[in-house]
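So the protein sequences, as listed, match chains D, H and A.
Okay, so the first sequence: first residue is 16 according to this note's numbering, each after it adds one.
Okay, so the second sequence: first residue is 8 according to this note's numbering, each after it adds one.
Okay, so the third sequence: first residue is 16 according to this note's numbering, each after it adds one.
Just so you know, the hints here were simulated from the structure itself, not pulled from any lab data.
Any given hint could be a false lead.
[As the list claims (entries may be wrong)] In silico EDC-like pairs for lysine to aspartate or glutamate, Cα to Cα no more than 20 Å straight-line:
hint, chain 1, residue 1, chain 2, residue 2
1, D, K80, D, E45
2, D, K141, D, E124
3, H, K12, A, D205
4, A, K208, D, E68
5, D, K197, D, E131
6, A, K208, D, D109
7, D, K126, D, D140
8, D, K197, D, E166
9, D, K197, D, D134
Please read these numbers as outputs of a predicted model, since none were measured by experiment.
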Amino acid sequence: MSYLTLTGIQKRFGATAAVDDFNLVAERGEFISFLGPSGCGKTTTLRMIAGFEQPTAGTILVDGKDITSQSPNRRNVGMVFQSYALFPNMTVADNVGFGLRVRKRPKAEIKNKVGELLDLIHLPDKAERYPWQLSGGQQQRVALARALAIEPQLLLLDEPLSALDAKIRIILRAEIRAIQRKLGITTVYVTHDQEEALSLSDRIVVMSEGRIEQIGTPFEIYNFPSTAFVARFVGTLNVVGARVLDPVAGTLEVAGQPIRAAGAIKAGHAGATVSVALRPEIISLGSHDGMNQLNGVVDDVTFLGAVVRVRIRFTDGSGTIAFDTFNNPHLAVPDPGTAITISFPPEACLVLDQAEVAAAVVPEDSGAA
Amino acid sequence: MKPSKIASWIVFIAGFLYFFVPLIGTLVFSLSTDPVGRSYSNMFADPQFFASLAFSAVIGVMTIAFSILIIVPTAFWVRLRMPQLRPVIEFVTLMPFVIPPVILVFGLIHAYGGTTLIPLANSDFGDNILVVAAYVVLSLPYMYRSVDAGLRAIDVRTITEASQSLGAGWVRILWQIILPNLRVALLSGVFLTFAIVIGEYTIATFLVRPSFGPYLSLLGQTNVYQSSAVTIVSFALTWIAMGLINVIGRRSPNQVQVAGGR
Amino acid sequence: MTQAAPPINARDVLSARPARRKPRLAWLGVVPFFAFAAAFLALPVAFLIIGSFQDSSSHFTLQNYANLTTQDIPNAYETSIEISLVTAIGGGIFGFALAYAVILGGLPRFLRTALMTFSGVASNFAGVPLALAFVFTLGHVGLVTTLLHDFLGIDIYGAGFNLYTKIGLEIVYMYFQFPLMVLIVAPALDGLKREWREASENLGATSGQYWRHVALPILAPTLLGTVILLFGNAFGAQATAYQLTGGTINLVTLVISSEMRGDVLNDPGLGYALAMGMVVIMAIAITLYSILQRRSERWFR
Numbered sequence: 016m017s018y019l020t021l022t023g024i025q026k027r028f029g030a031t032a033a034v035d036d037f038n039l040v041a042e043r044g045e046f047i048s049f050l051g052p053s054g055c056g057k058t059t060t061l062r063m064i065a066g067f068e069q070p071t072a073g074t075i076l077v078d079g080k081d082i083t084s085q086s087p088n089r090r091n092v093g094m095v096f097q098s099y100a101l102f103p104n105m106t107v108a109d110n111v112g113f114g115l116r117v118r119k120r121p122k123a124e125i126k127n128k129v130g131e132l133l134d135l136i137h138l139p140d141k142a143e144r145y146p147w148q149l150s151g152g153q154q155q156r157v158a159l160a161r162a163l164a165i166e167p168q169l170l171l172l173d174e175p176l177s178a179l180d181a182k183i184r185i186i187l188r189a190e191i192r193a194i195q196r197k198l199g200i201t202t203v204y205v206t207h208d209q210e211e212a213l214s215l216s217d218r219i220v221v222m223s224e225g226r227i228e229q230i231g232t233p234f235e236i237y238n239f240p241s242t243a244f245v246a247r248f249v250g251t252l253n254v255v256g257a258r259v260l261d262p263v264a265g266t267l268e269v270a271g272q273p274i275r276a277a278g279a280i281k282a283g284h285a286g287a288t289v290s291v292a293l294r295p296e297i298i299s300l301g302s303h304d305g306m307n308q309l310n311g312v313v314d315d316v317t318f319l320g321a322v323v324r325v326r327i328r329f330t331d332g333s334g335t336i337a338f339d340t341f342n343n344p345h346l347a348v349p350d351p352g353t354a355i356t357i358s359f360p361p362e363a364c365l366v367l368d369q370a371e372v373a374a375a376v377v378p379e380d381s382g383a384a
Numbered sequence: 008m009k010p011s012k013i014a015s016w017i018v019f020i021a022g023f024l025y026f027f028v029p030l031i032g033t034l035v036f037s038l039s040t041d042p043v044g045r046s047y048s049n050m051f052a053d054p055q056f057f058a059s060l061a062f063s064a065v066i067g068v069m070t071i072a073f074s075i076l077i078i079v080p081t082a083f084w085v086r087l088r089m090p091q092l093r094p095v096i097e098f099v100t101l102m103p104f105v106i107p108p109v110i111l112v113f114g115l116i117h118a119y120g121g122t123t124l125i126p127l128a129n130s131d132f133g134d135n136i137l138v139v140a141a142y143v144v145l146s147l148p149y150m151y152r153s154v155d156a157g158l159r160a161i162d163v164r165t166i167t168e169a170s171q172s173l174g175a176g177w178v179r180i181l182w183q184i185i186l187p188n189l190r191v192a193l194l195s196g197v198f199l200t201f202a203i204v205i206g207e208y209t210i211a212t213f214l215v216r217p218s219f220g221p222y223l224s225l226l227g228q229t230n231v232y233q234s235s236a237v238t239i240v241s242f243a244l245t246w247i248a249m250g251l252i253n254v255i256g257r258r259s260p261n262q263v264q265v266a267g268g269r
Numbered sequence: 016m017t018q019a020a021p022p023i024n025a026r027d028v029l030s031a032r033p034a035r036r037k038p039r040l041a042w043l044g045v046v047p048f049f050a051f052a053a054a055f056l057a058l059p060v061a062f063l064i065i066g067s068f069q070d071s072s073s074h075f076t077l078q079n080y081a082n083l084t085t086q087d088i089p090n091a092y093e094t095s096i097e098i099s100l101v102t103a104i105g106g107g108i109f110g111f112a113l114a115y116a117v118i119l120g121g122l123p124r125f126l127r128t129a130l131m132t133f134s135g136v137a138s139n140f141a142g143v144p145l146a147l148a149f150v151f152t153l154g155h156v157g158l159v160t161t162l163l164h165d166f167l168g169i170d171i172y173g174a175g176f177n178l179y180t181k182i183g184l185e186i187v188y189m190y191f192q193f194p195l196m197v198l199i200v201a202p203a204l205d206g207l208k209r210e211w212r213e214a215s216e217n218l219g220a221t222s223g224q225y226w227r228h229v230a231l232p233i234l235a236p237t238l239l240g241t242v243i244l245l246f247g248n249a250f251g252a253q254a255t256a257y258q259l260t261g262g263t264i265n266l267v268t269l270v271i272s273s274e275m276r277g278d279v280l281n282d283p284g285l286g287y288a289l290a291m292g293m294v295v296i297m298a299i300a301i302t303l304y305s306i307l308q309r310r311s312e313r314w315f316r
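Bound conformation, chain D alone:
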């Protein structure tokens, strides 16, 4: 049963559309992330759900009710801001209880609820402290408690962890997910950090330039990206030049060697130059039946600890490809200069046209370990 429905949401500022054709159906209790680079429209969409921006077109339904034109203070959605936005003139307890005070709840009820929430975020002894006496991570937890106190229909988080340092981020991330699961609140989480999105979400909405690129589970997004943007944005990719042989049969030529993609190729006609993108972890060493094989020469080997990354150079000069293999102290790692064969399944081939690859912000195959 759908709980949060966004249909045809659009937001224009003048002539430009910050968000366009945004459609999403979320179930009750789902944890959805909006993932994308800065300026992709994820925060704008979140703010439209919260009511701080009015969509130029489209509707927002929560639990069957149309809230599109409702003012923000009537929506009963809890929002956690990137900068915490705790009221500096109030103690932690007063901050958390603010929403209840506004709803004119009796004092005893407020006190109980605040106590409950402070326990939930593991800060029971900080009730009388002021925000400026707390660390960033603590402030963020208080902000979360404050949003949860009003028992909202939805929980919205706008890059809540981006101002904190890495270690705290990982701890808080897990806490947020645990609390969300425990309370079963439908949650929308905005982030530009793919690791966060992948580790927290039930489903991810990948956005770029105001549009949805793909909606799917973390597994789907990572392993079966439906557009070049998603493939580039999530995870690391090897990109190597190729020539299309037969678009219908899906055959290409990489470094003068034939390989097969799974299904027809749309990125170019026969004879066109395209790129094939592969994730490092699906490449295996040696020949395997039924898989594509490529022969080359080991270019260099980078020891990353648990993973060893091997870079292969193709003898016809068409480029290099890197793949990861798990570190095994008893197994010899190929020396630079030795011949080597790698295999990968046809399903893992992502065929992209040159323009899409050229538009990549970070060159995936730059040799960065």
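Dock chains H and A against the given chain D, drawing on the hints supplied.
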């Protein structure tokens, strides 16, 4: 949830009127002579006008010079070597607010006049020293704050160490490196000080100095129309000075706004 | 000053040689400043303090302070305090309203810049020119007086208004009071983060509740502190009052300046005591202002 715009407009227009009507009144007054403009021609024909303005300008320049001479090295030194003194210095620069001009001049006259150790107040030259000193005191808060803001913007410590490693002595560092980099920050303090000095009345009167403030005051009591013309000029000068501060000083954060000699 | 310090060589700078040489050298750098402050700030004030405790034959006495309760002096304090209070609160309210109007009140952006520039000029346009400008506007033959009379038939002087009274002085003082309020309050209003308002809306509060529970409490130290500053500002004003009233209104600053002219019965000790009284009041005002400013800074970190 937008607050009523009408109320905002009413408040703004009220403020606008309150601000401009006295200025318009002065302007109208200055133009209501027969023939029109006589008050201005009288003003320009009055040797006292130029004399007092010139005197104030000179005093202003000297005030600014001494102020910079005292404050820049001190602020620089404190920031570099003795940061623990900062609160003390800031306290001292607050003093001019605690000791209004009338009291300051009162104290100066009694400390340096008549039968005291350094009878500065008994001579013209001495009185000029006193008046410059008093104005430097008045300018302390603004000059110090602009210099401090300017120093904060340039990384004083690193620049000094770089200069020292290249062999520069203190004087060279201050004169050729620190001061030029403070030019923009200083400007706001400088214009503010200049505006204060030009219009100042209390200290100048009691030290019997022939400066612009006492001149305008006397004129206001003797020749109404001419004084209205001079008032317009005085206002225009203040406006220009503040306008320049706003334009040039827009880069420096922490701008202290002033209360002039009242 | 700076020539007295021996030339710095790289060894000193780079080596950890603090202890004996550094402290002595370092103090040299601040000598000019403190010497100046001592000569032209501390010394005069010391004279005032000492003189206020001395009688005409330089013996210690408290009589000067006792005399503060005689003649017109209590009345002078009353009047000064009253005018300062009225213009501080009035200027505070009006200044706040203006700052609010241009920053949060939905007015076009350029009006804010305009207001800040005007305020910068107006807060400095005090003293003689200001008094004269008001004479030209609201004096017996001032522009507004004549306009009201000729076009609306209203004779304000006939109705009892007089620029050269307490009320007139208050009107004039407001001219530099409310701009100062605007200049100090505007950054504070800016400091009200948008997210606080959004967070409070998100939690269900109305605009009024937001102001009552969040915005005004946050602004309170700044507002209060500035009003206190305005009080001190008006209390210490002399030039404006003298030019406008010729000394006919009984203000503390005017009594002090009369003493300097030799008008009052030649009692320097009383003058000193008066001055000290003023200094104490101003010191309290500035201290309270500083404390409140520091308080509010903490919240905007």
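Here is what the structure says about each hint:
1. D:K80 / D:E45: holds (18 Å)
2. D:K141 / D:E124: Since the Cα atoms of D:K141 and D:E124 sit roughly 19 Å apart, the hinted pair holds (cutoff 20 Å).
3. H:K12 / A:D205: This hinted pair holds, its Cα atoms lying about 18 Å apart.
4. A:K208 / D:E68: holds (17 Å)
5. D:K197 / D:E131: holds (13 Å)
6. A:K208 / D:D109: holds (19 Å)
7. D:K126 / D:D140: Distance ~14 Å between D:K126 and D:D140 Cα, so the pair holds.
8. D:K197 / D:E166: holds (13 Å)
9. D:K197 / D:D134: With a Cα-Cα distance of about 13 Å, the restraint between D:K197 and D:D134 holds, given a limit of 20 Å.
Taken one by one, the earlier hints all hold for this structure without exception.
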